[in-house]
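Enquirer: Protein sequence lines correspond, in order, to chains S, E and G. Residue numbering for the first sequence follows our numbering, beginning at 4 and increasing consecutively. Residue numbering for the second sequence follows our numbering, beginning at 316 and increasing consecutively. Residue numbering for the third sequence follows our numbering, beginning at 3 and increasing consecutively.
Check each hint, because a few of them may be wrong.
[As the list claims (entries may be wrong)] Below, in silico cross-link-like pairs of lysine-lysine (DSS-like), each with a Cα-Cα straight-line distance of 27 angstroms or less: (1) Lys123/S with Lys322/E; (2) Lys504/E with Lys346/E; (3) Lys98/S with Lys346/E; (4) Lys346/E with Lys63/S; (5) Lys11/S with Lys158/G; (6) Lys6/S with Lys200/S; (7) Lys376/E with Lys504/E.
Don't read these hints as lab results, they were simulated from the structure.
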Amino acid sequence: MNKLEIFKNGVTTENPILVQQVGMCATLAITTSLINGIGMGVAVIAVLTGSNIVISILRKYIPDEVRIPAFVIIIAAFTTIIDLLMHAYTFSLYKALGVFIPLIVVNCIILARAEAFAFKNGVLDSTIDGLGMGVGYLVAMILLSSVREVLGNGSILGFRILPEAYEPMMMAVQPPGAFILLGLLIGLVNYLSRRKKA
Amino acid sequence: MKNNFVKLAGILFLIAAISAGVLAWLNDTTKDLIAQNEAMASMDPAILEAVMPGSTAFMEKDADLAETIKADNSKFINLLTAVDESGNELGKVVRTLSTVKGFSGDLELYVGFTPDGQISGVSVISHSETEGVGSRVTLPAFTDQFIGRDASGEISYSDYDAVSGATYSSESFLSAVNNAIAIYTEYVK
Amino acid sequence: MELVSLFITSFIVNNIIFMQFLGTCPFLGVSKKIDTAAGMGIAVIFVITLASVITYIIHYAILVNLELEYLQTIVFILIIAALVQFVEMFLKKSAPGLYQALGIFLPLITTNCAVLGVAINNIIYEYSFIESLVYSVGTSVGFLLAIVLFAGVRDKVDYADLPESLKGSAISLVTAGLMSVAFLGFAGLQL
Chain S
4 MNKLEIFKNG
14 VTTENPILVQ
24 QVGMCATLAI
34 TTSLINGIGM
44 GVAVIAVLTG
54 SNIVISILRK
64 YIPDEVRIPA
74 FVIIIAAFTT
84 IIDLLMHAYT
94 FSLYKALGVF
104 IPLIVVNCII
114 LARAEAFAFK
124 NGVLDSTIDG
134 LGMGVGYLVA
144 MILLSSVREV
154 LGNGSILGFR
164 ILPEAYEPMM
174 MAVQPPGAFI
184 LLGLLIGLVN
194 YLSRRKKA
Chain E
316 MKNNFVKLAG
326 ILFLIAAISA
336 GVLAWLNDTT
346 KDLIAQNEAM
356 ASMDPAILEA
366 VMPGSTAFME
376 KDADLAETIK
386 ADNSKFINLL
396 TAVDESGNEL
406 GKVVRTLSTV
416 KGFSGDLELY
426 VGFTPDGQIS
436 GVSVISHSET
446 EGVGSRVTLP
456 AFTDQFIGRD
466 ASGEISYSDY
476 DAVSGATYSS
486 ESFLSAVNNA
496 IAIYTEYVK
Chain G
3 MELVSLFITS
13 FIVNNIIFMQ
23 FLGTCPFLGV
33 SKKIDTAAGM
43 GIAVIFVITL
53 ASVITYIIHY
63 AILVNLELEY
73 LQTIVFILII
83 AALVQFVEMF
93 LKKSAPGLYQ
103 ALGIFLPLIT
113 TNCAVLGVAI
123 NNIIYEYSFI
133 ESLVYSVGTS
143 VGFLLAIVLF
153 AGVRDKVDYA
163 DLPESLKGSA
173 ISLVTAGLMS
183 VAFLGFAGLQ
193 L
């Protein structure tokens, strides 16, 4: 695969949330507002790309038998780096994302890419793969959180866009809404990709 | 075999040590900024305005009294004085935790009192309630009902409007308000 | 009793899957067979409870005393990974049937958000040791309940006549959403 294909792969063909359907805990919990969705997406891009790069650099030095623990340590380190940086520089977003920031370490996507790609490929390719998957994750977050914020709060990025008369659909920002809307979103993606193949 | 094991453990240890080192450095670098953020969180102008309209700062002027209260009341955090930009005192503010746990732990509140013993405003500083459900106790639609209430005695459960579907969070909120009222009537008035 | 109330809250009212979203990966991926789901749930109860106890002790005894709180994420996840390794070895010897049935999902308990989530929450909510124990057991029993209920429902969903696009994860998520509505109804539960 050439560089562009690697990137596109992460965003569309093998989109971590909409296609591979992994790492959904944060997706369901965080997406009550667009700014939160974007914040989490960017955090994941940072951790995923960072760990992909480091693991790729070290791939010849990490023995196969201990690769999983090694990945976990590196991913946990990057998660903590992002945690500290957000705690210091993006405080309100840090508070909004709460426990889901340290939970980035158990986001299956990151471990999966380390194992499936970064451990077996060069640094540049791994960087692009990390960015691609991360952006794919961000795109899914943006889609879901925009829908949830508009329906459940009548706003986007905090700005009221639906008329005052609109009674917010409370369910959209509550747990059931998260499950249902994500399910419908995946259904929509399935439908569009099947039509494309036909 | 044993040699191999030592080598594997050694590599893992090395990776862990380097990671810990990087984190230690970063932790040190950001420590002050983080502490500042946590302190500032409760000094957000929007919160100040909501708790005591017109105030620009909450100052610690009753340190001794605060110590006394703290010894007696484990949920009490601090007693502050709200001032406006000219330095005029507008009233007292009690910072307290709830005495009854919410959905997920305690709520932390500011409860402001006017000099004639009425609640000037209430604001949540921190909570871990469920987004979209219990978190609605932070909204003015809920907190506004406490403004103007007389701080003469406890507000009973039948005397206020809980957030529908968030009984735990609402009652936890009320317990914090009542704790503030109790502290105000006993120590400050 | 406050502890009983805490148990019921973490088990039903604040259900880990339907209200907190932690542990959704194995929840969606778990086999449609109820007994495998039950086996997974029980393994998770064991891991979460043990992980909570160990991480709680390590956090307060070591991390806080040495001012190393920033290492919490790394230390906790390594403890969990090691624990799952042991559970795997234990099951392989004493319950090989279950070990086979769980397959890839057993090591995946390491990346189950619920395990790390509960461990971290114990610290955030400032629970006492007993409270954290009750919370962990309650939460993981809630996971078992959710997973078994879901396996039961999915069985029926399989026979439904659905548009192609909705089959698989899509309808699973929508179903989970509807079940979540039921759990949302517990939100006003007073004890």
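Enquirer: State for each hint whether it applies.
Expert: Hints, verified against the model:
{"no.": "1", "hint": "Lys123/S with Lys322/E", "result": "holds (22 angstroms)"}
{"no.": "2", "hint": "Lys504/E with Lys346/E", "result": "violated (39 angstroms)"}
{"no.": "3", "hint": "Lys98/S with Lys346/E", "result": "holds (16 angstroms)"}
{"no.": "4", "hint": "Lys346/E with Lys63/S", "result": "violated (35 angstroms)"}
{"no.": "5", "hint": "Lys11/S with Lys158/G", "result": "violated (37 angstroms)"}
{"no.": "6", "hint": "Lys6/S with Lys200/S", "result": "holds (24 angstroms)"}
{"no.": "7", "hint": "Lys376/E with Lys504/E", "result": "holds (15 angstroms)"}
Hints 2, 4, 5 from the list above are not met by this structure, while the remaining hints are.
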